[in-house]
Structure formats: C-alpha cells, structure tokens
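Using the sequences provided together with the hints, build the complete structure.
Here is what each chain is made of, one letter per residue.
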Amino acid sequence: MSVRVALHSPSGSRSFLERGLLLLVILILLEGTVLTLGAASSPDIGAQDNTGGHDHRDDHRGIEGSRGNTNYTYTKKAFPVLSLDYHHIQVPFEISLWVLLASLMKLGFHLIPRLSSIVPESCLLIVVGLLVGGLIKLVGEEVPPVLDSKLFFLCLLPPIILDAGYFLPIRPFMENIGTILMFAVVGTLWNAFFVGGLLYAVCQIEGTYLSQVELLPCLLFGSIISAVDPVAVLAVFEEIHINELLHILVFGESLLNDAVTVVLYHLFEEYSGAGEVTPMDVVLGVICFLIVSLGGIAVGAIYGILAAFTSRFTSHTRVIEPLFVFVYSYMAYLSAEMFHLSGIMALIACGAVMRPYVEANISHKSHTTVKYFLKMWSSVSETLIFIFLGVATVAGPHSWNWTFVSVTVILCLVSRVIGVVGLTFIINKFRIVKLTTKDQFIVAYGGLRGAIAFSLGYLLDKDLFPTKTMFLTAIITEIFFTVFVQGMTIKPLVDLLAVKKKQEAKRSINEEIHTQFLDHLLTGIEDICGHYGHHHWKDKLNRFNKKYIKKCLIAGERYKEPQLIAFYHKMEFKQAIELVESGGGVKLPSAMPSQVSMQNIQPKKLPPAVAERALPQFTKGREEEIRKILRSNLQKTRQRLRSYNRHTLMADPFEDGWNDFLLKKQRMIELEKKMTEMSNYLTVPAAPPDSPTMCRARLASDPNAFYNIKASSDGVPTIQVDLASPQSPDSVNMLNEFSKRGATDQDLGQREGADRDEDQGLMMKPSSAGKEEKGEEEGGNKNPGLMRCLSDPGPSNEDEEDEPFLP
Amino acid sequence: MGASQSARTEHEFQDLADRTGFSLEQIGNLNKRFRQLSKNEQTLSRQDLASISALDNNPLRAQIINAFFDKRNLRQNEVGTVQVIGFEEFLMVMSHFRPAAMHITEEEREKLRREKLRFVFNMHDTDSDGTITLEEYRRAVEELLSKAGTIGQETAKAIADAAMLEVASTTRGKMEPDEFYEGITFENFLQILKTLDIETRMHVRFLNMDTATMRCGK
Chain W
0 MSVRVALHSP SGSRSFLERG LLLLVILILL EGTVLTLGAA SSPDIGAQDN TGGHDHRDDH
60 RGIEGSRGNT NYTYTKKAFP VLSLDYHHIQ VPFEISLWVL LASLMKLGFH LIPRLSSIVP
120 ESCLLIVVGL LVGGLIKLVG EEVPPVLDSK LFFLCLLPPI ILDAGYFLPI RPFMENIGTI
180 LMFAVVGTLW NAFFVGGLLY AVCQIEGTYL SQVELLPCLL FGSIISAVDP VAVLAVFEEI
240 HINELLHILV FGESLLNDAV TVVLYHLFEE YSGAGEVTPM DVVLGVICFL IVSLGGIAVG
300 AIYGILAAFT SRFTSHTRVI EPLFVFVYSY MAYLSAEMFH LSGIMALIAC GAVMRPYVEA
360 NISHKSHTTV KYFLKMWSSV SETLIFIFLG VATVAGPHSW NWTFVSVTVI LCLVSRVIGV
420 VGLTFIINKF RIVKLTTKDQ FIVAYGGLRG AIAFSLGYLL DKDLFPTKTM FLTAIITEIF
480 FTVFVQGMTI KPLVDLLAVK KKQEAKRSIN EEIHTQFLDH LLTGIEDICG HYGHHHWKDK
540 LNRFNKKYIK KCLIAGERYK EPQLIAFYHK MEFKQAIELV ESGGGVKLPS AMPSQVSMQN
600 IQPKKLPPAV AERALPQFTK GREEEIRKIL RSNLQKTRQR LRSYNRHTLM ADPFEDGWND
660 FLLKKQRMIE LEKKMTEMSN YLTVPAAPPD SPTMCRARLA SDPNAFYNIK ASSDGVPTIQ
720 VDLASPQSPD SVNMLNEFSK RGATDQDLGQ REGADRDEDQ GLMMKPSSAG KEEKGEEEGG
780 NKNPGLMRCL SDPGPSNEDE EDEPFLP
Chain Z
0 MGASQSARTE HEFQDLADRT GFSLEQIGNL NKRFRQLSKN EQTLSRQDLA SISALDNNPL
60 RAQIINAFFD KRNLRQNEVG TVQVIGFEEF LMVMSHFRPA AMHITEEERE KLRREKLRFV
120 FNMHDTDSDG TITLEEYRRA VEELLSKAGT IGQETAKAIA DAAMLEVAST TRGKMEPDEF
180 YEGITFENFL QILKTLDIET RMHVRFLNMD TATMRCGK
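Chains W and Z, in that order, give the protein sequences. Mapping the first sequence onto numbering that gives the first Met the number 0, position 363 (from 1) lands on 362, and the numbers just tick up by one. Mapping the second sequence onto numbering that gives the first Met the number 0, position 149 (from 1) lands on 148, and the numbers just tick up by one.
Hints are supplied without guarantee of correctness; some may be wrong.
[Stated by the list, open to error] Computed from the model, here is a short list of chain W residues facing chain Z with C-beta under 10 Å:
| hint | residue |
| --- | --- |
| 1 | I169 |
| 2 | L244 |
| 3 | E268 |
| 4 | E269 |
| 5 | S507 |
| 6 | T514 |
| 7 | T522 |
| 8 | E525 |
| 9 | H530 |
| 10 | H533 |
| 11 | H534 |
| 12 | R542 |
[As the list claims (entries may be wrong)] Beyond 10 Å from chain Z on every Cβ pair, some chain W residues (computed):
| hint | residue |
| --- | --- |
| 13 | K374 |
| 14 | H513 |
| 15 | G529 |
Derived from the structure by calculation, the hints contain no laboratory data. Positions of the beta carbon are idealized from the N, C-alpha and C atoms, including for glycine.
Encoded structure:
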C-alpha cells in the first residue's frame with residue numbers, strides 16, 4: 000500500500016522523462032515476463048535453457064527415429080517473414096533494460112532542479128527501486144531476486160571498488176593508515192561484538208518472542224551489520240565535499256573493514272553449524288584474519304605488478320591498454336575471492352600498486368579511457384545497486400519484529416558513537432593532527448551501511464538460520480535508516496558544524512614544488528635529529544622504488560622522471576591541450592588562463608642590441624601569411640582527430656606527441672639557444688627565451704612573437720610532434736608538414752599524396768633549414784588553396800579526411 | 000661539582016623549554032644528539048652537519064645545512080649567517096618543526112603557519128632581501144631536482160618559470176607587458192601556499208624516548 004502511495008504522489012512532480020520511463024517499465028512487463036535478473040545475469044540458466052531445448056529436439060528425433068523412419072519428411076511451412084523469439088535475446092535484453100533504467104534515472108535526477116541538492120542520489124535511487132518493485136508486484140509478476148549475492152559480489156561490486164582503489168589518494172591514505180586501520184579493525188570488531196552481544200541479551204528478555212535466537216546467529220548478524228559500506232559512503236560523501244582527512248578516514252575504514260567482516264562472517268557461519276567455540280578457534284580466527292587481509296593485499300599487489308609490467312610493452316597496441324588495467328584487476332579480485340581472501344583489499348591493492356607505473360607507461364588517451372570507463376562502470380554499478388536494493392525490499396519475504404529492528408538501529412548508532420569516541424581517545428595520543436570533536440561526530444555519523452550487508456545476509460543459509468528473514472528485514476531497515484536519515488542530514492550537519500570542506504582548487508605547481516620540498520626538508524631534519532622516523536623510511540622506500548622497481552616496470556626513459564617533473568609535464572600537457580582546444584590557434588591569446596607573461600617576471604637584462612638587431616625583413620603582409628600557415632597547420636592536426644582506424648587510434652599530435660615533445664626538450668633548448676644567438680626577432684624585442692615555459696608563456700601572451708621567432712629564425716626549433724612513441728612510425732613533424740605544404744603548393748596532386756602519407760603515419764624526415772626557407776618563401780606566395788584551409792578546409796580536403804587510412 | 004652542573008643544565012633546559020616549547024625530555028634527547036654531532040664541543044660547525052651520512056642523498060642538503068646557520072631562523076631579528084651555532088641556536092632552528100598543539104586558537108594557528116612558512120621562505124631567499132627572485136627560485140628548484148640527473152636540470156628551469164608565472168598571475172592578476180614582477184614577497188608566498196596545510200604538515204616527530212640508546216641496541 001505504501002508503495003502505491005509513493006508511486007502516485009511523486010509522479011505528479013515527476014518529469015516527462017521519468018513518466019516515459021515508468022511507461023517503459025510497464026511495457027517491458029506487458030511484453031514479456033520479467034524473468035529473474037539473477038538468472039539473467041548468470042548465463043548458466045540461459046545455457047540450461049538452450050541445452051534443454053536441444054535435448055528436447057534430440058528426443059524428438061529419437062522418437063521419430065524409433066518409428067522406423069516412416070515419416071521422415073517434414074511438411075513445408077511458409078517461410079516466416081517475421082517471427083518473434085523473445086527468449087532468444089531475453090537475458091542480454093533485460094540486463095540492458097536495467098542498465099538503461101538505471102542510467103536514465105541518474106540522468107533524470109540531475110535534470111530536476113534542486114532535487115539532487117536536497118536529497119542524496121542514493122535515496123532517490125532506492126525510492127525508484129521501490130517503485131519499480133512495486134510496479135512489478137502490481138502487475139502480478141514475481142519480483143525478481145535482483146540483488147542476488149553472486150551478481151552483487153561478482154559483477155556490481157568490483158567496478159566500484161576498483162574505481163575507489165585506482166583513484167585512492169595514496170598520500171593521505173598512508174599518512175592516516177594507523178587511524179584507518181584502528182577504525183576498520185578494532186572498530187568493526189567492537190561494533191560486531193557489542194551489537195551482537197547486546198542483541199542477544201535483548202532477545203533473552205521475556206515478552207519479545209525472540210528467545211529462539213541464539214548467541215552465534217546474533218553475533219553473525221552483528222558482524223554483518225557493523226561494517227561500514229564503501230558504496231554507501233562513497234555515494235554520500237562525494238556529495239558533501241568534506242575535507243580530505245575525514246573523507247579518507249571514513250572511506251578508508253569502509254574499504255579495509257572488509258577483511259574483518261569476511262573473517263567474522265565465515266567464522267560465525269562455521270560455528271553456527273558446529274556449535275561450540277574453543278579458545279583455539281579464536282586463535283585460528285586471528286590467524287585467518289591476518290591471512291585474509293595480507294593474502295588479499297598480496298594477491299592484489301602481484302596482479303598490480305603484472306599489470307604494470309604488461310603495460311610496459313603496449314606501446315605498439317595502444318587500443319587495448321585500458322583493458323589490461325580492468326582485466327588484471329578483475330582477475331585479482333576473483334583470485335582473492337577464490338581463496339576466500341578479501342577481494343576488496345585485493346582490488347584496492349591492485350589498483351593502488353599498478354597506477355603509478357601504468358600511468359607512466361600508457362598513452363594519455365588510454366589513461367583518459369581508463370578514467371572514464373572506471374567512472375562509468377562504478378557509477379552504473381552504484382545506481383543499479385541502490386535500485387536493486389529498493390526492488391529487493393519490495394520482493395523479499397519480511398518478518399517484521401519491532402523489538403529486534405528498533406534495537407538493532409539503536410544499538411548500531413550507540414556502538415558506532417562509543418567506538419569512534421573511544422578509539423579516537425586512544426588514537427589522539429599518537430596522532431600529531433588530533434581529531435576534534437566535530438571530526439569524531441562526522442566519522443561516527445558517516446558510518447553508513449549498505450548493500451554489502453544486505454548481500455551477506457542474503458547469502459545466509461535458511462536451514463541454519465531460521466531467523467534469516469527477520470535478519471534481512473532488520474538489515475534493510477538499518478540500511479534505509481542510515482542512507483535516508485543519516486545520508487540526508489549529514490550535509491546540513493556538516494554545514495551547521497562548519498566542518499572544513501574540501502578545497503576544490505586544482506593543484507598548483509607551487510604547491511607541488513613545496514610538497515616535494517617539505518618531504519626532503521623533513522627527511523633532512525629527521526636525519527639531523529638522528530632518529531629514523533616516517534620521513535626517513537618513506538625516503539628510503541622512494542629511493543628503492545626509483546632505483547629498482549620503476550626501472551623494471553616503466554618503459555623507456557620515463558622511469559628516471561621525478562614526481563615533480565612528471566607533475567609539471569602533466570600540467571604543461573593540460574595547458575597545451577587547452578591551448579589547442581581554445582580555438583585552433585585563431586583565438587589563441589584570449590583563451591589562455593594566464594594573464595601574466597614571461598616578460599613580466601623575466602629579469603630585465605636584455606641587451607638593447609638585441610632589440611635593435613631585430614631584423615624587420617618581412618613586411619606586415621608576409622608576417623600575416625606565415626602566421627596563417629602555421630595556424631592552418633594547427634587546424635589540420637585537429638581535424639585529423641576525426642579519422643578512424645580500428646587498430647590504432649589516430650593520434651592527436653597535441654596529445655600523444657606532447658610527451659615526446661617534452662622529452663626532446665634538450666634539443667629544443669639547444670635550438671633556442673642558437674636562435675637567441677641569431678636573435679632575429681621580428682616585432683617584439685623580448686628577452687631571449689631560455690626555457691620552454693617562457694616560450695609557451697610568450698605564445699600565450701603574444702602568439703605573434705612566438706610565430707615570428709619560429710618562422711623566421713634559421714635554426715628553427717621544429718614543433719616536433721611525434722605520435723604514440725618515439726620508435727613508432729606514426730610521427731608528424733609539423734613544420735615539416737608546413738614546409739612540404741609550401742613546397743607542394745604548386746602541385747596539388749603531390750600535396751594530396753603527401754597528406755595521405757601523413758595520414759598513413761609515415762615517418763617524416765627531419766626538416767632541414769633549407770627546406771624551411773623554401774617553405775617560407777612558398778608560403779609567402781598567395782595561394783588560394785592554402786588560404787582556404789585556414790578557416791574552412793575545402794571539400795577536397797574533407798574528402799581526404801574521410802578516406803580510409805589503411806590501404 | 001657534577002651535581003651543580005647538572006642542576007645548572009637542568010635550569011638551562013627549563014629555560015629553553017619555556018622558550019622553544021619542547022619538553023625537557025625532548026631537549027635532553029636533542030642535546031645528546033647535538034653533542035654527538037659536535038663531538039662534545041660547545042658549538043656545531045657546518046662540517047659537523049655535513050658529515051651526517053644520511054644527508055648525503057638529500058637533494059636539499061646544502062640548503063638545510065645553511066638554514067641552521069642563518070640568523071633569520073634563530074628568532075633574532077638579524078640578517079646574515081654565522082659560522083658556528085650553540086645548542087640554543089640548534090634548538091631554535093629545530094623548534095620550527097614542532098607539531099602544532101591540539102587546542103590552539105585561529106590566531107595561534109595563523110602565527111604558527113607564518114612562522115613555518117617563513118622558515119621555508121628564508122631557505123629560498125638566499126640573499127635575505129625579502130623577495131624570492133626568479134633566479135633564486137630557479138636555484139631552489141634545481142636543487143630540489145639535483146638528484147634527478149640531467150632531465151632534472153633541464154626541466155628545473157622550466158618548472159621554476161612556470162611556478163613564477165603562476166605566482167605572478169595569482170598575486171597580481173593582469174599585468175601589462177612592460178610591468179615587471181620583481182619576485183615573490185612573503186605575503187605572496189603566504190597567498191600561493193594557502194591550500195598547503197603547512198601547520199599540520201611541517202613537523203617532525205621529536206621522540207621523548209632516548210633514541211640514541213635505542214639505536215645502540217640494534
């Protein structure tokens with residue numbers, strides 16, 4: 000009944016889209032039977048169907064055969080022009096429908112203004128799940144057991160955890176590892192025993208009709224319900240933008256308590272069958288915990304290293320790079336689960352271990368792909384989990400016991416608060432940055448429960464645990480309580496308490512410099528103090544990493560790159576992309592974020608001679624011409640993005656090539672030095688550019704100067720843009736292209752040939768100065784063909800782009 | 000005699016503890032380390048610090064050693080360098096690395112922050128003129144990357160330039176081409192490192208236990 004009310008009241012305010020969705024759902028229901036999604040997800044049932052059908056046919060034939068081949072010929076039926084075979088596609092079709100529903104729901108929430116700012120998405124999704132489940136029930140179908148444990152643990156959970164592990168902020172995580180472990184291990188243990196024990200005590204009270212509940216099931220229930228859920232925490236904490244410390248504390252706890260939960264769960268499940276618990280079992284339990292957690296980490300780390308090592312050799316097959324990240328991680332998860340080790344910890348370890356090496360190895364595009372795929376999968380999984388939670392609530396058999404449920408909710412809150420306050424009291428004695436009362440409150444209040452608890456409860460054996468349905472009802476209530484009440488109120492509370500929020504500012508290079516600086520400084524001070532503290536060991540580990548591990552796992556020369564340089568390159572690279580994307584060079588200066596140019600900070604030491612020696616050889620018109628040619632080249636490279644090749648992503652020189660471009664900086668610098676000697680500037684008597692940054696800065700502030708320098712100097716620093724990798728044949732030399740363009744202007748056919756060559760990724764020869772000049776001269780000539788491709792490439796040009804690139 | 004001397008040092012230590020905020024145990028430990036480094040002399044020279052083998056791999060070795068002999072870090076309002084430092088000065092420099100106390104007011108936090116940042120600033124500002132010029136910043140980054148081989152040296156300049164540009168653009172906003180940014184002043188320095196929680200990050204764990212004896216056991 001309540002479902003119905005819920006169905007009607009919000010539908011008035013619902014958007015058209017959602018109404019459409021509901022219609023869609025009804026349509027599905029009408030069309031076919033919404034079979035179990037559990038069945039849908041596990042192909043074995045479909046396979047069974049197939050084999051069943053097959054057997055049937057065989058039987059049929061067998062029967063016919065036994066008839067003695069009397070009537071072997073079939074009567075010919077009319078050829079079915081259109082036939083309907085829903086069962087053929089049912090399984091993938093329904094999976095797709097669920098995913099579509101989930102994604103559209105997510106989309107819909109963000110279309111409704113202000114709704115998503117008030118209610119967390121997770122709550123809305125659960126409500127949607129309730130509605131869908133209610134609808135299915137209304138139509139009279141059996142609600143599918145969507146949140147099947149197998150589906151949940153093998154398909155829905157891994158993407159979320161991998162996403163979390165891969166993008167785990169290692170630094171704050173490691174800095175607070177002690178606190179996190181304390182909360183995750185001791186805190187969870189405390190919660191489990193406190194809740195379980197007290198629940199048992201309550202159950203023994205006369206008049207609650209719960210006296211049949213024994214101690215061990217209670218403890219099992221306690222261990223299920225006590226674990227903070229990473230999915231729920233992520234969903235809520237991502238929306239409240241809490242500061243990094245609190246986020247990593249709660250989130251880290253939710254990740255690491257998995258080992259404790261797994262061990263407790265298996266332990267109590269085992270003993271519930273056996274009955275007696277001896278001290279020996281407790282010892283075994285502790286050993287088991289160590290094996291489960293450390294084993295999980297070890298499995299993850301092994302796969303992580305394997306993934307990193309594999310990615311070392313992918314430079315020729317960039318397209319499948321991202322796959323390695325996913326597959327190795329999933330293998331790590333499955334391998335860990337195979338031994339009943341902590342799969343979550345394996346995934347986290349795998350993601351965290353592989354990331355730095357993989358990122359250094361794979362191309363920028365692959366990195367983006369990894370990022371997007373992880374985010375996409377985890378977000379769809381999360382959406383599905385919450386929807387399924389709602390559906391499962393409608394579906395499941397419930398046995399509501401007021402005492403049990405309310406006591407559970409209260410005990411969970413109480414034990415969480417006591418646990419956090421007590422543990423913080425101990426932890427604060429060791430922490431340098433103490434946890435304040437506010438922090439403790441948020442940590443305690445952020446302890447949300449979620450679908451993991453539900454799935455674990457769902458896994459329970461009905462025969463061993465006659466109270467399973469009551470447990471499930473209590474678990475669902477607790478999940479709903481934490482997700483709805485705590486999840487919805489935590490945001491206002493954070494604002495009310497003025498808890499420090501996360502600063503959204505992007506990391507600046509100065510900060511990065513000083514982070515590194517501080518690391519070394521503190522290590523040095525520790526050494527002077529003569530005691531080997533954290534910084535000392537961290538430094539040792541870093542050096543070991545640099546010396547041996549990186550060498551093995553990172554291809555090429557990049558392993559030598561210190562973190563600061565890597566960061567700088569990343570930043571530089573982002574700017575380069577922004578530069579290219581900000582209008583293909585035409586509107587270059589206005590789009591640049593920086594409003595200060597290198598001239599402003601450069602010490603004024605330029606000799607006046609330099610300014611005077613600037614050679615105003617070219618007329619204004621010539622300059623304009625040269626500039627346009629260069630711009631057209633910029634455009635050209637952008638257009639090449641559109642091209643498609645199944646085996647290799649046609650690389651955008653401004654992306655993939657940039658890294659190599661950076662590595663070849665030395666050559667650039669040399670050339671620039673040479674250039675400085677030549678000092679034949681056209682317009683701007685600027686200081687001699689002595690670093691690439693400065694060049695870029697000048698490019699930003701005054702692109703004309705940049706172009707002029709580039710175009711006119713003799714030892715032209717070529718904008719060397721190599722694709723993919725230095726060895727790979729796909730490389731484009733822009734200035735070379737420019738020169739060739741110029742040289743071949745007169746012969747359009749030849750030009751086309753040259754372009755095709757480029758598109759096929761042939762190696763360009765290094766440009767020679769002579770050719771360069773020729774190109775300039777040619778460029779100086781007014782050529783309509785060239786002019787055309789400045790702003791709008793002509794039709795012939797486009798035809799070229801559309802051509803297939805592989806012969 | 001011995002008793003009176005120890006009483007004297009105890010009194011001295013108490014005095015130092017009041018001024019630097021270290022506990023008596025920590026001062027005792029640091030004093031042991033000081034005597035170990037200075038080979039039981041009253042003063043510590045640059046050579047003494049340079050002989051610490053663990054520092055060899057630190058890219059900031061020279062800067063760190065210089066910081067100990069920089070008068071600006073000795074909490075006296077003087078500029079310049081000294082050749083040798085006593086235990087008191089040693090402790091003064093070390094006191095910049097004390098962790099923040101648990102309950103401090105916002106003002107105290109800000110003060111602590113300024114002190115710690117001032118220490119870093121002074122390390123960059125080698126000519127003590129109150130600004131970090133581009134040259135100084137480049138040198139600082141070069142030192143930071145000095146262990147990275149040739150790649151480091153080439154990129155250091157570019158990084159320093161980029162960082163300087165960033166400082167100029169965040170602190171000055173738009174600048175005309177003919178304007179000149181002299182260098183990072185301390186106020187600018189505070190501004191650009193606003194998001195770096197230096198008051199909680201720039202600290203070393205000063206042990207209360209006696210580490211010297213602990214290491215002897217190893």
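*Answer holds if the nearest beta-carbon of chain Z is closer than 10 Å to that of I169 (chain W); otherwise answer violated.*
I169 (chain W) check fails; min Cβ-Cβ to chain Z is 16 Å, beyond 10 Å.
*May I ask you to check that K374 (chain W) keeps its beta-carbon over 10 Å from the closest beta-carbon of chain Z?*
holds (24 Å)
*Whether H513 (chain W) stays farther than 10 Å from all C-beta atoms of chain Z, as the label says*: The claim breaks: H513 (chain W) does not keep its Cβ more than 10 Å from every Cβ of chain Z (closest is about 6 Å).
_Given hint E268 (chain W) near chain Z, where the shortest CB pair must fall under 10 Å_ = violated (43 Å)
*With a cut-off of 10 Å on the beta carbons, see whether T522 (chain W) makes it to chain Z.*
holds (6 Å)
*Identify whether the interface hint at T514 (chain W) stands, where standing means a beta carbon of chain Z within less than 10 Å of its own.*
Holds. Min distance 7 Å.
_Interface hint status, R542 (chain W) versus chain Z (Cβ within 10 Å)_ = holds (7 Å)
*Given hint E269 (chain W) near chain Z, where the shortest CB pair must fall under 10 Å*: violated (43 Å)
*When you look at the beta carbon of G529 (chain W), is every beta carbon of chain Z farther off than 10 Å?*
Given that some Cβ of chain Z is not farther than 10 Å from that of G529 (chain W), nearest at about 4 Å, it is violated.
*How about L244 (chain W): closest beta carbon in chain Z under 10 Å, or not?*
holds (9 Å)
*asked:* Hint validation: S507 (chain W) versus chain Z, beta carbon distance must be below 10 Å. Holds or violated?
replied: Holds - the Cβ of S507 (chain W) comes within 10 Å of chain Z, reaching about 6 Å at its closest.
_Does H534 (chain W) hold up as a contact with chain Z if the rule is Cβ-Cβ below 10 Å?_
Since the shortest Cβ distance to chain Z is 7 Å, the answer is holds.
This entry does not satisfy hints 1, 3, 4, 14 and 15, going by the numbered hints stated previously.
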